[in-house]
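Engineer: Take the given structure of chain A and dock chain B to it, following the hints.
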Amino acid sequence: MPPQTPIVVLEVGTTRTVCMAGMIDDEDSLVMTGFGTSATTGVRKGEITELQYAVSSIRSAVEAASKEARCDIRSACLIYSGGSTESTHSHGRVTLDPRHQVIDSEIMAEARDIARDCTLPPDTKRLHSIVSNYIIDDTRVVHNPEGLTANQLQANMLSIHTSISGLTAMSNAVQEAQIEIMNCKFGALCAGAGVLTAEQKKAGVLLVDLGGGTTSYLAYADESYAAAGSFAVGGDHVTNDIALGFHLASVKTAEWLKTSSSSAILDNVTPTERGTIPAHATLGAPERSYNLRSLHTIVNARLEETFKILRTIMDNHNILSKFGAGVVLTGGGAYQNGVVQLVERIFQCPCIIGEVDDPKLAELQQPAAFATAYGALRLAALDEMRKGRERPSWFSRIFNKGL
Amino acid sequence: MTSSDRFLLIGVGGAGGRIANSIAQSTAGRLKAVAIDTDFEAVAKLGLCQQIRVGRSRFDGLGSGGNVTAVRMAADEEAETIRKLLDDTTLALVVTGLGGGTGSGATPAVLKAARSLNIRTLTFATMPFDFEETERQQLAKRTCLLLEEAGDVIVTAANQDLCSNSFDLPAIEAFAAATNHLAAGLLLLWQLVNCSGYIRIDYAMLANLLLGGRGRATFGFASADGPQRFELALANLLDDPHLGVRSGLQKIPAMLVGILGGEDLRLKEIGDVMARLKMELPPDCDLRMGTVMDPALDSTLSLATLLFHSWTPSDAADILIESASTTKDPADAPRLASRGRRTGKAVNNLAGDRFKSTHATIYGGEDLDVPTFMRRSLRIDSN
Chain A
1 MPPQTPIVVL
11 EVGTTRTVCM
21 AGMIDDEDSL
31 VMTGFGTSAT
41 TGVRKGEITE
51 LQYAVSSIRS
61 AVEAASKEAR
71 CDIRSACLIY
81 SGGSTESTHS
91 HGRVTLDPRH
101 QVIDSEIMAE
111 ARDIARDCTL
121 PPDTKRLHSI
131 VSNYIIDDTR
141 VVHNPEGLTA
151 NQLQANMLSI
161 HTSISGLTAM
171 SNAVQEAQIE
181 IMNCKFGALC
191 AGAGVLTAEQ
201 KKAGVLLVDL
211 GGGTTSYLAY
221 ADESYAAAGS
231 FAVGGDHVTN
241 DIALGFHLAS
251 VKTAEWLKTS
261 SSSAILDNVT
271 PTERGTIPAH
281 ATLGAPERSY
291 NLRSLHTIVN
301 ARLEETFKIL
311 RTIMDNHNIL
321 SKFGAGVVLT
331 GGGAYQNGVV
341 QLVERIFQCP
351 CIIGEVDDPK
361 LAELQQPAAF
371 ATAYGALRLA
381 ALDEMRKGRE
391 RPSWFSRIFN
401 KGL
Chain B
1 MTSSDRFLLI
11 GVGGAGGRIA
21 NSIAQSTAGR
31 LKAVAIDTDF
41 EAVAKLGLCQ
51 QIRVGRSRFD
61 GLGSGGNVTA
71 VRMAADEEAE
81 TIRKLLDDTT
91 LALVVTGLGG
101 GTGSGATPAV
111 LKAARSLNIR
121 TLTFATMPFD
131 FEETERQQLA
141 KRTCLLLEEA
151 GDVIVTAANQ
161 DLCSNSFDLP
171 AIEAFAAATN
181 HLAAGLLLLW
191 QLVNCSGYIR
201 IDYAMLANLL
211 LGGRGRATFG
221 FASADGPQRF
231 ELALANLLDD
241 PHLGVRSGLQ
251 KIPAMLVGIL
261 GGEDLRLKEI
271 GDVMARLKME
281 LPPDCDLRMG
291 TVMDPALDST
301 LSLATLLFHS
311 WTPSDAADIL
321 IESASTTKDP
331 ADAPRLASRG
341 RRTGKAVNNL
351 AGDRFKSTHA
361 TIYGGEDLDV
371 PTFMRRSLRI
381 DSN
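These protein sequences, in sequence, are chains A and B.
Taking my numbering, I'd label the letters of the first sequence as residues 1 to 403.
Taking my numbering, I'd label the letters of the second sequence as residues 1 to 383.
Among these hints, one or two may not hold up.
Unchecked claim - Derived pair list, reagent style SDA-like, types lysine to any residue, alpha-carbon separation capped at 20 Å:
id: 1; chain 1: A; residue 1: Lys308; chain 2: B; residue 2: Leu378
id: 2; chain 1: A; residue 1: Lys308; chain 2: A; residue 2: Lys322
id: 3; chain 1: A; residue 1: Lys252; chain 2: A; residue 2: Ala285
id: 4; chain 1: A; residue 1: Lys387; chain 2: A; residue 2: Ser129
id: 5; chain 1: A; residue 1: Lys67; chain 2: A; residue 2: Arg16
id: 6; chain 1: A; residue 1: Lys387; chain 2: A; residue 2: Asn183
id: 7; chain 1: B; residue 1: Lys141; chain 2: A; residue 2: Asp123
id: 8; chain 1: A; residue 1: Lys252; chain 2: B; residue 2: Ser382
id: 9; chain 1: A; residue 1: Lys308; chain 2: A; residue 2: Ser321
id: 10; chain 1: B; residue 1: Lys141; chain 2: A; residue 2: Ser165
id: 11; chain 1: A; residue 1: Lys322; chain 2: A; residue 2: His89
id: 12; chain 1: A; residue 1: Lys308; chain 2: B; residue 2: Arg376
id: 13; chain 1: A; residue 1: Lys308; chain 2: B; residue 2: Ser377
id: 14; chain 1: A; residue 1: Lys308; chain 2: A; residue 2: Tyr335
id: 15; chain 1: A; residue 1: Lys308; chain 2: A; residue 2: Asn337
id: 16; chain 1: B; residue 1: Lys268; chain 2: B; residue 2: Pro227
id: 17; chain 1: B; residue 1: Lys141; chain 2: B; residue 2: Ser357
id: 18; chain 1: B; residue 1: Lys268; chain 2: B; residue 2: Ser299
id: 19; chain 1: A; residue 1: Lys308; chain 2: A; residue 2: Ile319
id: 20; chain 1: A; residue 1: Lys125; chain 2: A; residue 2: Ser171
id: 21; chain 1: B; residue 1: Lys141; chain 2: A; residue 2: Thr49
id: 22; chain 1: A; residue 1: Lys252; chain 2: A; residue 2: Ala39
id: 23; chain 1: A; residue 1: Lys360; chain 2: A; residue 2: Ile24
id: 24; chain 1: A; residue 1: Lys308; chain 2: B; residue 2: Arg375
id: 25; chain 1: A; residue 1: Lys252; chain 2: B; residue 2: Asn383
id: 26; chain 1: B; residue 1: Lys45; chain 2: B; residue 2: Thr179
id: 27; chain 1: B; residue 1: Lys278; chain 2: B; residue 2: Arg229
Calculated directly from the structure, the hints in this document are not laboratory data.
What you are looking at is a predicted structure, and each value in this text was computed from that prediction instead of being measured.
Here chain B stands alone, though its shape is the one from the complex:
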């Protein structure tokens, strides 16, 4: 099995599917990609992704209409399909857009399926624009907490920030630019373990990073070309207020740095980048780096960083995962294994409109607003 085979890229919902397709396009089919959606027409356009269509009987393939609960139920019904997808996978890169029905409803189910198979997950979630309605914002924020409970490392990126450099463009171009930018950054993570470079990050190292860095992380990506490319790329990465890399560096416990360049990438540049970053980092920060050489790139240098907000040495993380994954009944869950707040200020209203405007009730990593019979997969004759 090759490293590529171990990776599975999953795009959930409209936004997630588009980004996944864009990444798959860049890998020329080497990275297996899947798009999960309730809008069958939209997902059919993602030619480079295997398509998983959920909720046929509920939505007639027309999209969820923002009905998070119904998506959740539909995703649960497709749990076996999702699990089969994950067969032979050891690391899943999940891309999703939060605030709408499909991304918010189906992504937790995908992460839970992965967790049940002991598959490491890295989730990138885009958040609604500031100008979008409060309800979507709240739903997105709440879903994030569910993702934290269900997955390993979660990175959020606000659409506002992703499009910050293209607000004056027509909306369709601005979205495309944001999608491409995020896709390029995520692609670099995949390239780190699959493409040649001076210093490679192997699969095991990345998996350990995701295990040790469980929880929230910040992702940064910047490029520059020309003779001053390393200074410029670094400045773009550190000084962009939307990325928040510089402000995060001073207190983070662990960090992954990826450097992508063409055949002209020089060792001195790599050394300079790392020396500059180390100056900003706390002395005990666990720093990992890798480089990728892409002959197609001439004179361009790209940097991708993953800043882990929390860090547990991998041995301890192993125990945590083992404990969490073997716990079935939330009521019996040991508190240390459940990373959720018992009555958290949390997550998403997956249970329907009735609890939409309230803080979700989280216990043992489960959203108690979701019907118990659904979470337990109890058979109900609804007719």
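Chain A with its partners taken away, still in its complex shape:
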């Protein structure tokens, strides 16, 4: 049996670049064979700002994954979460021949093609066209109408699109690192595949991926994909706010304050309470104290604003009340102290940090920070299967959580 070509995904985040390689083992399960990360430089708010630095980060992560997977990685599925990503709903209708009103795969494909043919905003590129559901004769909503009888079939589709310029710059950086891009997937869609369960999707859920440079979301409502997008506000903004608020010379000191002492909520802190930045965190400057409530206020203001924007977006989609399973957080920002409580207060529903069930990732301190890459690996494996590998059992094993 010839050796398998590894399935590889690459995420060039604002703070971290992740490369994962996977294979299907003899028991038809997806196994992560290579995992490489590097600190990203040359990327801000999900955009390439310094090409050569970004290329260097990509090479480091790919090299580490190659080494662990013991293979030469030359191509990958690119994960993209640029800040100008949005989704558009469209539909396509097909009237069936009165002599043959049984819906088959061709009719479904025709309805999908019509729905996919919608006009997108200028200067954007389509990342995904996802069927939300089908409507039969304007009355019945179904997810798989094949074999049913109808006069008319409507396919409802969610198109996820992003800015051409941002995506092109990211693609250029990856190609400059000598990695061929096999396809491109939207980050929050991948994160959803990484952590969401079938039950959560059925009940309605909002996944929020809190990255370093962007906040991405994927919403399920009425058992369908309801909204997806990304805007360019992330953990870097919190760090920047702290640096400016406390007149800190080093972003690293602000980062230390954010991760070690800050909270997204203002509970249990008095106006006069103070903390200390130790000498090792001030990077040469003398040890200094700071007002703890002010620190929490800075972080709370930023994160409250971010989630209120998300709430408004969901409200605009008329799905705010449809998240029976609440909100699931992924990304490094999910581990910000107090953020879960903040989200619960803003959305008035439960909030949890997404769980990644891969044993290797589960050992890490912040596994949900890698949910996007892990989910992308699962989706890429599914793509492989769809390409014609005759191993149907993969599907159930890889997607035992259900898509």
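Structural biologist: Frame of chain A, contents of chain B only:
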């Protein structure tokens, strides 16, 4: 209250202050002018302007050094002073130079203060030369979008174009010429509502124009003298590629024309100018005009045009303004009221160097790269 009192001329930053001072000089003190700057030595030289010195504790009066974020914070700290300045004002003419720290950092704060007091604003922003570094160019372009969000009508003029006729002069003379040329054009706008003429534009009309024409506009100014002055002035106005008036005329929805002449200004000349302009305009263009007679001008005829790129009938504009000005929380802003793009290809990096080379994130008319606590004016003990 006189019309002059209703006007406030505000120059922001070094370039804005110089132009404001030059205009104030021409009005012999009749137009109240204010200069806002972080460079105290420079602003002290602007003797005809009231001086607002911002960022004393941050910059020691030495200028911002291009630190847009710090200027933004300093301007926010002076918000109350700026608001007091605007007391009793109903129209503010804001002049600024973009690309540097003070103009880019403080101008949005000035426009926001004006908006909060329901004061109409007309902003003239000069843009960096082509040969200036990309960073300044980007900062200027990004700031323009912020100005569009915060103000009413925004006119940009590239330094390259303003100095196009004086590139061979010594730099100091070229700058002076450009400043004087722009100042003369802006002065004409003020004169239209404050000086005698055959046809006056009153304050209410100008305010309505700024309300209806919110967004970008193109400004043109040209002069000529001698017997063929109207043809020459018109040709200078229409054919100067740097002004872009002729190319803009064919598609604009509204336009303001000001004609300035001496006591020898003839009605026929006014009629001819308007007839020629109408030939270039779309039939449904909302055209307003006014004339100014200045006895000091002999045989010179000047034309100033303001071409509005968008036009909303004033009733609808009223609703828009009302809605925008009463919205406090950007996250709750109705989309129609927020003229900003949610994640725009936009504006300026007011948040510091960290986001300098990225597209700004705009939502509900606010630059989300600027710290939330600053935009919300939350009290932070930074010590």
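Engineer: Now look at each hint and say whether the structure bears it out.
Structural biologist: Do the hints match the structure? See the list:
no., hint, verdict
1, Lys308(A) / Leu378(B), "holds (17 Å)"
2, Lys308(A) / Lys322(A), "holds (17 Å)"
3, Lys252(A) / Ala285(A), "holds (12 Å)"
4, Lys387(A) / Ser129(A), "holds (17 Å)"
5, Lys67(A) / Arg16(A), "holds (18 Å)"
6, Lys387(A) / Asn183(A), "holds (13 Å)"
7, Lys141(B) / Asp123(A), "holds (19 Å)"
8, Lys252(A) / Ser382(B), "holds (17 Å)"
9, Lys308(A) / Ser321(A), "holds (15 Å)"
10, Lys141(B) / Ser165(A), "holds (17 Å)"
11, Lys322(A) / His89(A), "holds (17 Å)"
12, Lys308(A) / Arg376(B), "holds (14 Å)"
13, Lys308(A) / Ser377(B), "holds (18 Å)"
14, Lys308(A) / Tyr335(A), "holds (19 Å)"
15, Lys308(A) / Asn337(A), "holds (18 Å)"
16, Lys268(B) / Pro227(B), "holds (13 Å)"
17, Lys141(B) / Ser357(B), "holds (12 Å)"
18, Lys268(B) / Ser299(B), "holds (15 Å)"
19, Lys308(A) / Ile319(A), "holds (14 Å)"
20, Lys125(A) / Ser171(A), "holds (13 Å)"
21, Lys141(B) / Thr49(A), "holds (17 Å)"
22, Lys252(A) / Ala39(A), "holds (13 Å)"
23, Lys360(A) / Ile24(A), "holds (16 Å)"
24, Lys308(A) / Arg375(B), "holds (15 Å)"
25, Lys252(A) / Asn383(B), "holds (18 Å)"
26, Lys45(B) / Thr179(B), "holds (16 Å)"
27, Lys278(B) / Arg229(B), "holds (19 Å)"
In this structure, every one of the numbered hints holds.
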